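Work out the full structure, taking the sequences as your base and the hints as a guide.
Sequences listed follow chains G and S, in order. First residue of the first sequence: 1, per my numbering; consecutive thereafter. First residue of the second sequence: 1, per my numbering; consecutive thereafter.
Don't take every hint at face value.
Since copy identity is lost for identical chains, a pair holds within one copy or between any two.
Below are the SDA-like pairs computed for lysine to any residue, each with C-alpha atoms no more than 25 Å apart in a straight line [as the list claims (entries may be wrong)]: (1) K28 with Y70; (2) K146 with E164; (3) K28 with E81; (4) K378 with R200; (5) K201 with Y229; (6) K146 with H5; (7) K146 with P120; (8) K13 with L40.
Note that these hints are calculated values from the structure, not bench results. The model shown is predicted, which means the values in this text are computed figures rather than measured ones.
There are 2 protein chains.
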Amino acid sequence: MINQHYLGMLSNKSVIRELSEYATARGKEIGYENVFDYSLGNPSVPAPDSFREACVRYLQEEDPVRLHGYAPTTGLPSVKEKVAASLNRRFGMQYGPHHIFPTAGAAGSLAHALRAVTQPGDEVIVFAPFFPEYYPYINETGARIKIVEPETEHFQINFEDLEEKLTPSVAAVLINSPNNPSGAIYTEETLTRLAEVLKRKSREFGHNVFLISDEPYREIVFDGKQTPYTARYYDHTLTCYSFSKSLSVPGERIGYVAVNPACEEADNIVAMCGQISRGIGHNCPSSLITLAMGDTVDDTSDLSVYETNMNLLYDALTDLGFTVTRPGGTFYIMPKALEEDAVAFCKKALKYDLILVPTDSFHAPGFFRMAYCIDTEKVERSIPALRRFVEETYGIRR
Amino acid sequence: MINQHYLGMLSNKSVIRELSEYATARGKEIGYENVFDYSLGNPSVPAPDSFREACVRYLQEEDPVRLHGYAPTTGLPSVKEKVAASLNRRFGMQYGPHHIFPTAGAAGSLAHALRAVTQPGDEVIVFAPFFPEYYPYINETGARIKIVEPETEHFQINFEDLEEKLTPSVAAVLINSPNNPSGAIYTEETLTRLAEVLKRKSREFGHNVFLISDEPYREIVFDGKQTPYTARYYDHTLTCYSFSKSLSVPGERIGYVAVNPACEEADNIVAMCGQISRGIGHNCPSSLITLAMGDTVDDTSDLSVYETNMNLLYDALTDLGFTVTRPGGTFYIMPKALEEDAVAFCKKALKYDLILVPTDSFHAPGFFRMAYCIDTEKVERSIPALRRFVEETYGIRR
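Put into structure tokens, the structure is as follows:
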């Protein structure tokens with residue numbers, strides 16, 4: 001008999017996907033260039049040339065039996081070495097290759113990290129607003145998601161609610177900084193305070209509460225700043241990374257788990273990930289893509305367009321009277337809607353071919369998300385539409 | 001706290017992997033060319049040129065944002081179309097693209113197929129001898145493995161035991177033909193009889209028992225024959241395929257699930273696989289590799305070396321008095337050991353630098369497996385060693 005749980009999941013359509021499908025359909029009517037599609041978080045810039053060159057070089061120069069052969073269960077040693085060296089150099093860490101587990105993107109990375117540090121029935125804390133895929137990512141492991149309410153002024157952490165929710169049944173805390181959907185970056189102060197809470201509670205509970213740091217947007221940071229490296233603040237940290245955004249290769253499914261060497265069972269967690277793979281059918285990312293990533297680990301696409309777009313939108317939104325926190329990174333911005341019901345607000349915007357996503361499914365009602373990983377020229381053209389929408393719908397004139 | 005289940009798995013070392021590690025270590029002492037390493041099922045021939053050419057062409061000619069972008073949850077439509085067309089043309093099937101779900105190799109394929117047609121607690125039948133990874137592949141889904149004892153004369157199906165084990169708690173039956181480790185191919189007669197049993201029991205139980213057909217060795221068939229296409233014999237069949245062996249690209253992690261259009265819920269299963277992916281962190285194979293596979297779906301490496309090696313070994317083993325079933329395909333052969341304890345037998349062979357794998361972990365004690373995906377020249381050199389081993393250890397002279 002067919003599995004009823006997965007069959008049932010088919011009727012829960014994602015809001016983001018529905019809006020994106022609407023945008024595609026509307027594009028067929030009026031030309032996609034006329035749809036201001038802010039729905040999907042797809043990188044809009046090309047991969048760096050170095051990535052293509054590395055792929056072609058391996059294909060043309062490496063013995064195909066070696067190149068396309070099975071990797072060891074815990075990943076290609078030469079690439080693990082390069083990832084560790086890069087993180088050590090950049091963030092002052094002491095990773096060895098045996099602390100690095102290459103994965104099929106962030107989804108693969110979180111699938112392993114979550115299973116490694118929870119038992120079925122344990123709770124995993126997430127902080128609203130959060131990426132809605134965290135629901136299946138966590139709940140399908142056998143652990144259960146537990147939500148800390150948002151701090152909506154600066155999108156840092158609501159510590160009061162965290163202290164209340166952080167009970168002995170919590171095995172891990174999952175953070176995402178720079179954040180999807182808010183664009184906020186956790187400050188050093190936030191991370192220091194979070195570490196202090198986790199240390200205190202771990203002592204109190206008699207077991208370590210793990211920190212899982214999901215950081216695919218780590219390299220998209222504005223104003224010349226750097227994201228504080230989370231694992232530096234707390235020993236029991238698993239860093240989950242994806243090159244989807246930094247190298248603009250989301251379809252290639254490449255990322256890693258990095259286990260802080262100061263972590264409980266630090267020398268076993270990568271081997272455990274190898275065991276977890278057997279049950280979930282992972283068995284390493286593509287060899288070719290892994291090797292090319294190893295050669296481009298310190299490269300990025302030209303990510304400056306995201307900052308240009310952010311500045312344009314932030315200024316326009318502020319100008320139009322929106323309440324909005326200026327993003328520190330990512331390609332998202334999350335203003336407050338102009339009425340309490342953000343779903344209604346976003347529906348009304350469709351009349352102006354503005355595809356905005358209400359953040360209700362991110363556990364933050366009343367706000368909306370704009371994914372500005374689109375051409376700057378389109379952002380510019382969208383601003384008059386945004387102005388007309390606001391003026392005609394809410395009678396706001398500035 | 002660290003997950004105790006996965007931590008515990010670290011102490012169960014795979015026999016195959018231990019032997020392979022021994023072979024590598026021994027190779028460092030005496031030169032790997034002098035170790036007759038029959039332990040690992042790694043393809044030994046290069047990928048066809050067409051695969052490399054397709055990769056390079058996509059890298060050089062396709063817009064990188066499109067090429068490396070996210071695929072839809074259920075896979076790239078153009079490639080699904082090509083896979084369906086190829087299977088339809090070759091095997092007279094009626095697959096549409098919506099019946100094809102591209103996966104990260106056979107492991108990814110089985111991870112989805114097994115979850116789609118079982119509920120936690122259900123049983124899944126496998127037929128000994130079977131690939132030991134079926135234990136985690138099945139048990140880690142929440143279903144439980146149930147073993148039908150081997151038929152050791154021709155390595156077809158022990159139908160008497162199947163009739164006994166096929167109870168209402170069985171949701172699916174998993175077959176692997178051509179078979180690892182025996183090299184046997186299920187005959188039309190076997191498949192017809194299997195289908196008859198499954199239909200009868202499904203009627204009796206009031207639910208369809210699914211057939212999962214794991215066929216990564218489908219294209220490695222000897223004597224100019226073809227493997228009967230399993231899904232033609234039974235409607236409720238999910239075909240799990242990997243290009244690891246046919247294209248010699250095991251490290252690239254590319255395969256698919258093909259859902260028989262006559263299957264229960266045929267039009268929903270691929271969409272369900274998309275939902276299953278969210279929980280296990282799959283999210284499609286690499287885009288580049290998927291596209292290259294689409295262009296080479298009907299190609300194979302030059303696989304003739306496996307038949308050459310099989311014939312050499314089969315003749316030598318027969319000549320030395322081994323009881324052995326002639327493989328119909330794969331790159332495995334599975335003779336009876338010369339003493340009851342095949343583990344002891346294989347240990348004694350190490351003295352002759354022969355790395356043979358006892359099939360106890362394949363649930364078939366008393367036999368051993370030779371993976372002859374190695375150079376023919378080495379197979380030839382191994383035969384005198386095999387002869388010396390047999391003569392000196394078991395006093396057999398022919």
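These are the hints, each one checked on the structure:
Taking the shortest alpha-carbon separations for K28 and Y70, only the inter-copy value of 20 Å comes in at or below 25 Å, while the best intra-copy value is 43 Å. Proximity of K146 and E164 under a CA criterion of 25 Å is satisfied intra-copy only: 11 Å inside one chain copy versus 45 Å between copies. Proximity of K28 and E81 under a CA criterion of 25 Å is satisfied inter-copy only: 22 Å between copies versus 47 Å inside one chain copy. Proximity of K378 to R200 under the C-alpha cut-off of 25 Å is found in neither arrangement, the shortest distances being 49 Å within a copy and 62 Å between copies.
For a Cα distance limit of 25 Å, the shortest separation of K201 from Y229 inside one copy, 22 Å, qualifies, whereas the shortest one across copies, 58 Å, does not. In the homo-oligomer, the alpha carbons of K146 and H5 lie at most 25 Å apart both inside one protomer (21 Å) and across protomers (23 Å), since each shortest distance falls under that limit. Proximity of K146 and P120 under a CA criterion of 25 Å is satisfied in both settings, with 14 Å inside one chain copy and 24 Å between copies. In this homomeric assembly, K13 and L40 come within 25 Å of each other (Cα to Cα) only inside a single copy, at 15 Å, whereas the closest approach across copies is 44 Å.
The structure fails to meet hint 4 from the earlier list, while all remaining hints are met.
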